[in-house]
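Could you build all of it, start to finish, from the sequences and the hints given here?
Protein chains: 2
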Amino acid sequence: MELKINRYAAKIKPSMIREMKVMADRYENVIDFTLGEPHISHHTYEVIQEGLHERMLHSSLGYSHQYGVLELRKAIAAYCKKNYNQVYDPASEIIVTTGVSEPISAVFKTILEEGDEVIIFSPSFTLYNSNVLMYGGKVVLYDMIENGMKVREETLRKLITPKTKAILVNSPCNPTGKVFSREENDIIYRCIKDHPIFVISDEIYREIVFDQVKCCSLSEYPLLRNRLFVLNGFSKSFAMTGWRIGYVLGPKEYIQTVAIVHQNFVASASTISQYAALEALKHEDLTVNIHQNYEKNRNYVYQQLKPYFNHVVLPEGAFYLYLDVSNYGLTSYDFAMELLKDKQVAVVPSIAFEPKDSGYIRLSYCCDFNVLQEGVLRIQNFRKSL
Amino acid sequence: MELKINRYAAKIKPSMIREMKVMADRYENVIDFTLGEPHISHHTYEVIQEGLHERMLHSSLGYSHQYGVLELRKAIAAYCKKNYNQVYDPASEIIVTTGVSEPISAVFKTILEEGDEVIIFSPSFTLYNSNVLMYGGKVVLYDMIENGMKVREETLRKLITPKTKAILVNSPCNPTGKVFSREENDIIYRCIKDHPIFVISDEIYREIVFDQVKCCSLSEYPLLRNRLFVLNGFSKSFAMTGWRIGYVLGPKEYIQTVAIVHQNFVASASTISQYAALEALKHEDLTVNIHQNYEKNRNYVYQQLKPYFNHVVLPEGAFYLYLDVSNYGLTSYDFAMELLKDKQVAVVPSIAFEPKDSGYIRLSYCCDFNVLQEGVLRIQNFRKSL
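The listed protein sequences derive, respectively, from chains A and B.
Note that the working numbering numbers the first sequence so that position 197 is 197, with each residue one more than the last.
Note that the working numbering numbers the second sequence so that position 157 is 157, with each residue one more than the last.
Derived from the structure by calculation, the hints contain no laboratory data.
Keep in mind that the hints are not guaranteed to be accurate.
The list makes no distinction among identical chains, and a pair is therefore deemed to hold if it is satisfied within one copy or across any two copies.
[As the list claims (entries may be wrong)] Subject to a maximum C-alpha distance of 25 Å in a straight line, what follows is the list of computed DSS-like cross-link-like pairs (lysine-lysine):
id	residue 1	residue 2
1	Lys306	Lys163
2	Lys138	Lys4
3	Lys252	Lys81
4	Lys252	Lys4
5	Lys306	Lys13
6	Lys4	Lys158
7	Lys11	Lys138
8	Lys306	Lys193
See below:
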C-alpha cells in the first residue's frame, strides 16, 4: 500500500544554507560565515527590552488581527512613507508576517497557477526557487554572472513569455550584494509594463548599501503600483532574525487574498515578536548608520580575497561576498566542505543559490571584524594550499 | 490587461471567526464569545517571565533550526511520551511550528494533489476546509449533526473513495466539544486501515476533557504510525495563543518533507516564542487541572441555555458550546448579528464551520465566570424577545 505525497512537495530540497550551518556547528573553533545573521542582535534586545517587558505585563498577548497588530502596521506605514516614499494603507495594504519568508510563500501561493513562469535574477536567495517549485511554477533564470552582473534589455526581453506571471527583484541581492541601478530598474519597467506580470520587490537589505549609493526600488514606478508587492522586515536592518517579523505591502485588491493565505498558513504572526518590532521602530537610530558597520567589513573582505580568486563580485549592498572557486577541480560543495574540514571555515556553496553549480561560494560577513580577519586569513591559507 | 491570481486562492474566504471578533470590537460593553482564547494568558506570562527574561539576555535570539530549538523539541518529546505515550524522535520526527495553523497548512501542502479528497467531521475548525481548498483538494464531509454526533461505520465507509488522501480528526472538537470515544476511533481505524489514507489528529484541546473521561487518540493504533500526523501546541492548554507555537509529530519519512514546506513557509518559528514554550513546559502544573476551570463554565452555560434552544450539543471537551438557532426565521449569521446589535453579545455563526448553514452558533466559554453569567443572561433575554 503506497501513500503518495504531492509531487511538487516531493521534489523540493531543504535549504543548503541551513545544512551548512548544521555542519559548521559540528566543528570546534569554527569561523561561521553561513547564515545572514547580524552579530548585533543582543544590542537590539538591550534597546527594546524595557518597552517589551512593559508590553508583556500590560498588553494582551493573545492572537493579533490576521493583518497584524494595528499599531505596528501604522508604524510600518509611517516608516515606509518617510524613508522610501512607499504609501500604503495600514488598514488594508500591509500584512505583518512571520519573517520575510512567509510573504514570499504567501504571494507565490496567491498568484501562481501550475505551469506559470517566474523570472528570477540568478544567483538568488534559496527560498524563491523552492517556493515557486512547491506551487508547481517554473523558475526562469536571468543569469547575472553570464551577463556581467548587469540587467540587459535584450536578454531580459527574451525571457518573457505568455506564461510569465511574475518577476522578482531582490536589491540589494542575497547572495551577490548586487544593487539594481535606476537604469536597470528602468529596463525592467520597460520590459514588463505592457505584459500582465506581477512584480515582487524583496527589499530586506535596503538599509545596507555602500559607497553612498541610494537604493532605488520598483516601487518608484506609479504604473506598477497595482501589481507590485514590496517585501521587507526587521531581520537584517534591526538585527532581529529570530523574532521572525516581516511585512508585505501591496494593492488592497491582491493583499486581501494574500492575507487569507497568510491566515491559512499561520493565523497571525507571534504577538510578542510584533511588539518587539514596534519597540524597534521607536529606535530608528539603530539603522541609520548600519551600513557603515558592514562597509568596513565589505572593504576588508573584498580587498583581502580578490587577489586570491578568479572572480569576486564587488558587493554594493547587503553583507555577502560571492566568489568564484571553480578553477581548483572541486565542485562548490566540495570546496566548501574541504574548507570546513581543513580550516574550520564554514561558507555556503553556490548550489544553494542556483539550480546549476556555477562554482562560487558565499561568505556572510555580518560578523565581528576580528572574526572576519581570522576567517579571511584561513581562507587565504587554504587557497594557497590548493 | 488582466492579472490573474491562482484560482484556488481566489476562492477561499477569510475566517468568519476573526470577522465576528472585528465586529464585536466595534461595540461597547460587549460580551465577546468569539475567539477560542483562554482568559488566563497573563497568568502564564507571570509564571514564565523570569526564565524568559534570562533567556533574552543570555541566549541567541537568532534563527532557530528549521525543526525548532532542539531543547524544546526534546521537552515536547518527553511531554508527549509521558502524557500520551506518543514516542517521537526529537531529531527527526518533531517540527516546532507557528501555532497549530501552520502544520495544518504544511501537512496538506505536503500530501495533497489537486482533486484529492479529505474526510472531515463537520462542523469543524475553519482552517481545515480552507486549507484543503487552497491546495486544490476536495473536502468530503461526515455530517456529525445528522448522525447524532456519533461516528457510524456505514456512514463513514460510504465516504471513502480511491481519491481519499486523508482523514482529519479533531478530538476534542472545535466547535462542538465532541470527544471521539475509543469505539469511534476503532470504527475510523477499521474503515481506513486497508486504504492508503493519511491520518491527521489535531489534539490541541486534548487537556480539556470533562466528566473524568480520558481522551483517546488515533496515535494509539500502531499500524497507523507510519501515516499519522499528530498536531498539538501551547495555545489552549498553556493559554499562549498569541505566542504562536505548535508542533507536528509524524514519521520521519514524511516529516522531512513537511519540514521543507515549513522552511518555505516561515524558515523557522519565532525563537523568543519557542523559549516561552520551553519555560511553559517546566510548569506542567499549569495544565494539570485546567479542565476544571472550563468544566464549571461548561456545566453552567449548558444548563442555562439548554431550555432555551431546540438543540444544544453537550460539550465533552474543549471550551465551546454549539447550539441550534435555526427555528427563529434567521440565518445563523443574521442571528449572530442581531444578538450583537441588540444585546452586545458576540458569537460565531455556523457558516464559519460548515460549507452549508445548519443554523447553529458557537459560544466560546473560556472566559471569566462572571462574564459568562452576564452573557448567558443577555442571550436568554434575546431568545425570549424573538
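Evaluation of the provided hints:
1. Lys306 <-> Lys163: Neither: 40 Å inside a chain and 58 Å across chains, both beyond 25 Å.
2. Lys138 <-> Lys4: For Lys138 and Lys4, both the intra-copy (22 Å) and inter-copy (16 Å) Cα distances are at most 25 Å.
3. Lys252 <-> Lys81: within (17 Å within a copy, 46 Å between copies)
4. Lys252 <-> Lys4: between (38 Å within a copy, 15 Å between copies)
5. Lys306 <-> Lys13: neither (32 Å within a copy, 54 Å between copies)
6. Lys4 <-> Lys158: between (38 Å within a copy, 22 Å between copies)
7. Lys11 <-> Lys138: Both, since 13 Å and 23 Å are each at most 25 Å.
8. Lys306 <-> Lys193: Close neither inside one copy (39 Å) nor across copies (62 Å); limit 25 Å.
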